[in-house]
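Line order of the protein sequences matches chains F and Y.
By our numbering, the letter at position 121 of the first sequence is numbered 121, and the numbering carries on one by one without gaps.
By our numbering, the letter at position 14 of the second sequence is numbered 388, and the numbering carries on one by one without gaps.
No lab work stands behind these hints, which were simulated from the structure alone.
For every residue, glycine included, the Cβ atom is placed at its ideal position computed from N, Cα and C.
There could be a bad hint or two in this list.
To be verified - With the Cβ distance kept under 10 Å, some of the chain Y side facing chain F (calculated, not the full set):
#: 1; residue: Arg402
#: 2; residue: His442
#: 3; residue: Phe466
Said to hold, decoys possible - The list that follows gives simulated cross-link-like pairs (lysine-lysine, DSBU-like), each with its CA atoms no further than 35 Å apart:
#: 4; chain 1: Y; residue 1: Lys439; chain 2: F; residue 2: Lys259
#: 5; chain 1: F; residue 1: Lys259; chain 2: Y; residue 2: Lys440
#: 6; chain 1: Y; residue 1: Lys410; chain 2: F; residue 2: Lys281
#: 7; chain 1: F; residue 1: Lys54; chain 2: F; residue 2: Lys349
#: 8; chain 1: Y; residue 1: Lys535; chain 2: F; residue 2: Lys281
#: 9; chain 1: F; residue 1: Lys223; chain 2: Y; residue 2: Lys440
#: 10; chain 1: F; residue 1: Lys5; chain 2: F; residue 2: Lys57
#: 11; chain 1: Y; residue 1: Lys535; chain 2: F; residue 2: Lys291
#: 12; chain 1: F; residue 1: Lys281; chain 2: Y; residue 2: Lys416
#: 13; chain 1: Y; residue 1: Lys445; chain 2: F; residue 2: Lys230
#: 14; chain 1: Y; residue 1: Lys410; chain 2: F; residue 2: Lys291
#: 15; chain 1: F; residue 1: Lys230; chain 2: F; residue 2: Lys281
#: 16; chain 1: Y; residue 1: Lys390; chain 2: F; residue 2: Lys230
#: 17; chain 1: Y; residue 1: Lys440; chain 2: F; residue 2: Lys180
#: 18; chain 1: F; residue 1: Lys259; chain 2: Y; residue 2: Lys445
#: 19; chain 1: F; residue 1: Lys281; chain 2: Y; residue 2: Lys445
#: 20; chain 1: F; residue 1: Lys223; chain 2: Y; residue 2: Lys550
#: 21; chain 1: F; residue 1: Lys349; chain 2: Y; residue 2: Lys440
#: 22; chain 1: Y; residue 1: Lys445; chain 2: F; residue 2: Lys291
#: 23; chain 1: Y; residue 1: Lys390; chain 2: F; residue 2: Lys223
#: 24; chain 1: Y; residue 1: Lys439; chain 2: F; residue 2: Lys349
#: 25; chain 1: F; residue 1: Lys291; chain 2: Y; residue 2: Lys440
#: 26; chain 1: F; residue 1: Lys230; chain 2: Y; residue 2: Lys439
#: 27; chain 1: F; residue 1: Lys230; chain 2: Y; residue 2: Lys440
#: 28; chain 1: F; residue 1: Lys223; chain 2: Y; residue 2: Lys439
#: 29; chain 1: F; residue 1: Lys336; chain 2: Y; residue 2: Lys535
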Amino acid sequence: MTPIKILVAGIANPHIPGYCRGFANTPDYPWQIVALAESDPGRMAMAQRLLAGKEVKFYADWRTMLDAHPEVEAFQIGSDNKYHFEMFRECIARGKHIYSTKVPTMDPEEGEELLKLTRDYPKTIQVELELHFRPQFRYARELVRSGRLGTIRAIYLSNVSQSPCNYFPNWGDPELSYGKVVPIRPGADYFRGGALTDHPHPFDMIRWITGLEFAEVCAVSAKNQRSHLKVEDHVAITGKLEGGVPFFINPSYSNLEEKVPTRRLLWPKSLECNLKITGDKGYYETDFFDKPMYLVGKDYVSPDRLIVENAPRPVRNQSETLEGSFAACVRGERAKPESSLRDGLEAVKVMNAAYDAVYRDETVYLPAGKCKEE
Amino acid sequence: MNNPWLNWSVFLSIGKHARFCGELCSVRFTWERPRKSASTEKVFIEESFLRFLHLAQELAHAPLKKLHAVKAQDANILYALAEFENRVAAEFEMNEALPDSMPDVFFIKANFTGGHVTNQPLGGHFDEPGSIFADENGLSLFTVDSCDPEIAGGVYDTVMKTAELEGAPEIPDAEKLLAAVRKAVYR
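Next up, chain F with everything else stripped away, as it sits in the complex (with noise of 0.2 Å):
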């Protein structure tokens, strides 16, 4: 399969070097990274590195690259949050393929503007809700979906990690992360845009497996254990979904780390995303690390120390990957993005509905079912 061409705007979201890695050491990988945009020398050398011996152009700027690559059809937002609105409207304007790093804009406002400037859009827009691509959750799905599980009686989902901050220290800026600062409550000394906004999956995760819609949010912020971050490592949230389902999340950066300017582990575990759901005629559980391996090594990243790694999974079909999916799209092989630009704004609602519950100290009501895809 060809692989498609695309530009990359930014390394500063974590999850870009794996882009950069798949590039560079997958054969059949999806994507052909033209040129890649870093404003910042230090995570430029980063890039540098990563795609070393591969032909790629590199620019400061992102718009200087988009003009120096019209013939580039795909475009990746891999900045901060806080410039991901004008990377898509400027790519929008230009007709390009987009695929948005997992939070389109935590501002609601600028969301609003997104799905207006995109209703009609005739090319892909896909958001990175990489969660959809693992087959234990697509299975959650299917369960659900037939009734094999009966009606929905309860769903837990855990996505709770490691801060990324110490080796992106960008991430723990409040306002390139949410793309302002707003105190986490009136008068705290830490803000919105730290493990909240780095997790959408389970806001988005239960609205796809379940279909529901929520409907009213109430949450917790305890006191960060990291007392140097700016942004909050801990908030969980329960309430209801349309229907009266009860739900709980928690989207926490409870796993801690060494504190050095790399990523180590401390907590052997680096994500742990347990999904629960019960129904009235069954009960199905999983985990992210659902082929756990025991792995001690004096050269591993985090060395000598006892770390949990997934074992690997058979690929049968690339379209079925998170960048094949995207590939397969732009060449107008699949109708529809995996995750759309509206799933993402959707989980954003979620995410600020629990932001506003921690910041008034009550129960934010949704309209449920008002967002329900058209």
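For chain F, the structure is supplied; the task is to place chain Y on it using the hints.
Just chain Y, lined up with the frame of chain F:
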């Protein structure tokens, strides 16, 4: 009302090891039981939950400041969030509506400024690989190992089916290994 859970070894262990881990920030409680073990709603809320809330307060060493809770209709399923005066947060996942094929599970995970103490397994629900499907007929553990759910099966089935998908490589020195096996086993 008394609280027998104050003598629970997991709770005691967290208290014992807390001094190695800095300040407590958040703590998560998991209480899972099959329907056959479910109590009345009143006992579930006013005794079981209350006792776990008390454990949280004991670990937080501060009075309760606020409490949010949502309960499923007609089932003993409760999610709750507590915040204490010192900004320690407690999360509660309590479920007594699991299929009868599921065992009891009680976990605490305590997150500190400088460490963690927990009895929660690192991998999966019971330290097992894969996912769980349970209904009144039984409990299945399996790995969904491709984008096609139908491959789901036991560990042996999954390995064999994956090999079928990818093609199983030949063993280049099979004869030599077979001779060694025969010699070792049938000597």
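How the hints compare with the structure:
For Arg402/Y, the interface hint holds, the least distance from its beta-carbon to any beta-carbon of chain F being 7 Å, beneath 10 Å. A distance limit of 10 Å between C-beta atoms decides the matter here; for His442/Y the minimum to chain F is near 4 Å, and the interface restraint holds. With 10 Å as the threshold, the beta carbon of Phe466/Y comes within range of chain F, its nearest partner Cβ sitting at about 9 Å, so the hint holds. At roughly 31 Å between alpha-carbon atoms, Lys439/Y and Lys259/F fall within 35 Å of each other, so this suggested pair holds.
Using a Cα cut-off of 35 Å, the hinted pair Lys259/F and Lys440/Y holds, with the two alpha carbons roughly 32 Å apart. In summary, the hint linking Lys410/Y to Lys281/F is supported, as the alpha carbons are separated by about 14 Å, within the 35 Å threshold. Taken as a hint, the Lys54/F and Lys349/F pair is broken in the structure, with Cα atoms around 39 Å apart against an allowance of 35 Å. Straight-line distance between C-alpha atoms of Lys535/Y and Lys281/F comes to about 28 Å, which keeps the hinted pair within the 35 Å bound.
Between Lys223/F and Lys440/Y, the direct Cα distance comes to roughly 15 Å. Compliance with the 35 Å bound is thereby established for this hinted pair. As the CA atoms of Lys5/F and Lys57/F are separated by approximately 13 Å, the hinted pair is consistent with the 35 Å bound. This hinted pair checks out: Lys535/Y and Lys291/F have alpha carbons roughly 16 Å apart, not beyond 35 Å. Proposed proximity of Lys281/F and Lys416/Y is supported: the alpha carbons are some 24 Å apart, at most 35 Å.
In summary, the hint linking Lys445/Y to Lys230/F is supported, as the alpha carbons are separated by about 34 Å, within the 35 Å threshold. A hinted pair counts as satisfied when its Cα atoms are at most 35 Å apart, and Lys410/Y with Lys291/F qualifies at roughly 31 Å. Restraint check: the Cα-Cα separation between Lys230/F and Lys281/F comes to about 45 Å, which exceeds 35 Å; the hinted pair is violated. Note on Lys390/Y and Lys230/F: the hinted pairing holds, with a Cα-Cα distance of about 31 Å set against a maximum of 35 Å.
At most 35 Å may separate the alpha-carbon atoms for a hinted pair to count; Lys440/Y and Lys180/F meet this at roughly 28 Å. Of the supplied pair hints, the one linking Lys259/F and Lys445/Y is violated, its CA atoms being roughly 39 Å apart against a limit of 35 Å. At most 35 Å may separate the alpha-carbon atoms for a hinted pair to count; Lys281/F and Lys445/Y meet this at roughly 19 Å. At roughly 63 Å between alpha-carbon atoms, Lys223/F and Lys550/Y are farther apart than 35 Å, so this suggested pair is violated.
At most 35 Å may separate the alpha-carbon atoms for a hinted pair to count; Lys349/F and Lys440/Y meet this at roughly 24 Å. Simply put, Lys445/Y and Lys291/F have alpha-carbon atoms about 32 Å apart, close enough for the 35 Å limit, and the pair holds. Among the hinted pairs, Lys390/Y with Lys223/F is consistent with the structure: their alpha-carbon atoms are about 22 Å apart, no more than 35 Å. Proposed proximity of Lys439/Y and Lys349/F is supported: the alpha carbons are some 27 Å apart, at most 35 Å.
Under the criterion of a C-alpha separation no larger than 35 Å, the hint pairing Lys291/F with Lys440/Y is inconsistent with the structure, at around 38 Å. Straight-line distance between C-alpha atoms of Lys230/F and Lys439/Y comes to about 24 Å, which keeps the hinted pair within the 35 Å bound. Restraint check for Lys230/F and Lys440/Y: the C-alpha separation of about 24 Å stays at or below 35 Å, so the hint holds. Under the criterion of a C-alpha separation no larger than 35 Å, the hint pairing Lys223/F with Lys439/Y is consistent with the structure, at around 14 Å.
Taken as a hint, the Lys336/F and Lys535/Y pair is honoured in the structure, with Cα atoms around 30 Å apart against an allowance of 35 Å.
Going through the hint list in order, the structure does not satisfy hints 7, 15, 18, 20 and 25.
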